[in-house]
Amino acid sequence: MGWFSKLLVPDREKSKVPQGLWEKCPGCQRVIYKKDLEKNLWVCAQCGYHFKISARDRINSIVEPGSFVELFSDVGSLDPLEFVDTEKYCERYKKSRDKSKMNDACITGSAMIGKNKAALGVMDFYFMGGSMGSALGEKITLITEYATQNRLPLIIVSTSGGARMQEGIFSLMQMAKTSAALAVHAKAGLMFISVLVDPTTGGVTASYSMLGDIIIAEPNALICFAGPRVIEQTIRQKLPEGFQRSEFLLKHGIIDMVVPRAEMHDKLMFILDFINSNQRTDE
Amino acid sequence: MAENIQTNLINLEEKLNEIDSQINKFKQISSDEGIKLNEVVEILERKKLQLLDELDAWQKTLIARHKDRPLASDYINSVFTGFTALCGDRHIMDDHAIISGMAYLEGRPVVVVAQDKGRTTEEKVLRNFGMPHPEGYRKAMRVMKFAEKFNRPIITFIDTPGAYPGIEAEERGQALAIAENLRDMSQLAVPVLAVVLGEGGSGGALALSVADRILMLKYSIYSVISPEGCASILFRDAGKAPLAAAALKLTADDLYKFKIIDQIINEPSGGAHRDPKSTIENVKAALISNLDELCKKDKNELVKGRYKKFREMGVFCSFES
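From first to last, the protein sequence lines stand for chains A and B.
This note's numbering applies: residue 9 is where the first sequence begins, and numbers increase by one.
This note's numbering applies: residue 1140 is where the second sequence begins, and numbers increase by one.
The set of hints was computed from the structure by calculation and includes no laboratory data.
Positions of the beta carbon are idealized from the N, C-alpha and C atoms, including for glycine.
Mixed in with the good hints there might be a few duds.
Partial pick of chain B residues on the chain A-facing surface, computed with a CB cut under 7 Å [claimed, not checked]:
#	residue
1	Leu1148
2	Phe1165
3	Gly1305
4	Gln1326
5	Ala1328
6	Val1349
7	Val1363
8	Leu1373
9	Cys1434
Build the full structure now, drawing on both the sequences and the hints.
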């Protein structure tokens, strides 16, 4: 496992007992029947804790059933730096690929939300901590350009530990590449909704994630540029309770709204209905 | 460990100084006594080059951060005339980690936006060690839009450990400020030229570097994360920074090979601090020649070219399904 394994500790992946029927909530420590959790979109009915979910589960929770068409699924990572830390990057990547049956940390495509067609990019934290390398940056750029060409609104659900260090400068440049693509999408008068889920940090936050016309976060998600540990080390102070959580960002005027998972589909549909009804008056 | 790492460079500098003094001595003898000592001098010069050829990524990192390395303010004072600062983000404050303003480059009006770490302790505190807050990035963008409005080319100087990681910075949207710069710089309808002078620290450097041309000084670095940060996360030991520096491929040579940057500006052997004057001349010449070319292009061509430049960055593959 990589550096991001620490972030995964309290969640599904780690606490999953093979074929287990029960799951412990990291929020309130209650033991919950797994079928109930699944029905509740992996949100604790008692305390509202939002478990991390895979990109596939996320897509199912926000689009109309059967409407998702995957695009650009073939794009995958290379190892231009031939990077080795405690493990070779190419091997680490291969393991993630084998385990997740994905080629990188996001799924892109188009789907219907209510009566609205939208382009969609959904990140997956289980794939190398949702880190952004060339492949991920390329997919986000491709889906943004697809949205521009087809005059579609774009929704990106972000969750990321930041840039993929193993791809060095190439990963950094994805921030510029994706942001430039969004500039063109915005110039065409099209809507971009950015949805932030726990955790969204580093280079992903400091690029496309913050460029939404509307920015929505799930409750209590960690959303930051510099991680809490880095800040604590820099300023040598304990950070206040709730710092860098969704509600904190809402209070400080950085995001538009905090929306629980169960209401996300309806909220997205409302926004898309709203902009599409505007477009009709234009015609 | 950190001390050992630092002495690495001090040893090198001592060796270089020794060779330099020998070279000077022989040259002196040669001219005083009228003896031809060219061969000895050549051997010493070769030895010096050999030493410098062997500089690893970590040594270059230390040179990039050297306390006597010329700072953006040194270039601003020597390369341009009539520099007049433009201050403030018009909302919160004037962030001194970024210096921006109007200036003339050999008579050509340009807008300069630069990161500066400060040299004295007082300056370092004032400039927050070159780590901008969101206000710094917003001031930079405001001044760049000013340049666009009045059709002046933009020159940015990059030298930062990174954007400041602090409570207020997060509260006021550090990530947002960087992201907006990335987006808006990509659309600027004037030439944008970025020069990495010392440390190109991650998103904090990128936020001033979405340029038509990116130049790097020979011993500057540009990286997604500092070697120390990378070492502590991936190698689980901050002392392995030299190893991480090599793995990250963050030198000007590496980035030129990767086609991320367009040009390497030469520095005197051993680093700009050994001869600031010649480095400043080299930077000036590079700025002039690049601006001469960029200023010939029309606005659409510039914006399209810049988009294409960043669009092509990345190395990935296609898995057949």
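Status of the hints after comparison with the structure:
no.	hint	verdict
1	Leu1148	violated, 23 Å
2	Phe1165	violated, 42 Å
3	Gly1305	holds, 6 Å
4	Gln1326	holds, 5 Å
5	Ala1328	violated, 12 Å
6	Val1349	holds, 5 Å
7	Val1363	holds, 4 Å
8	Leu1373	holds, 4 Å
9	Cys1434	violated, 22 Å
Of the numbered hints given earlier, the model fails hints 1, 2, 5 and 9; all others are met.
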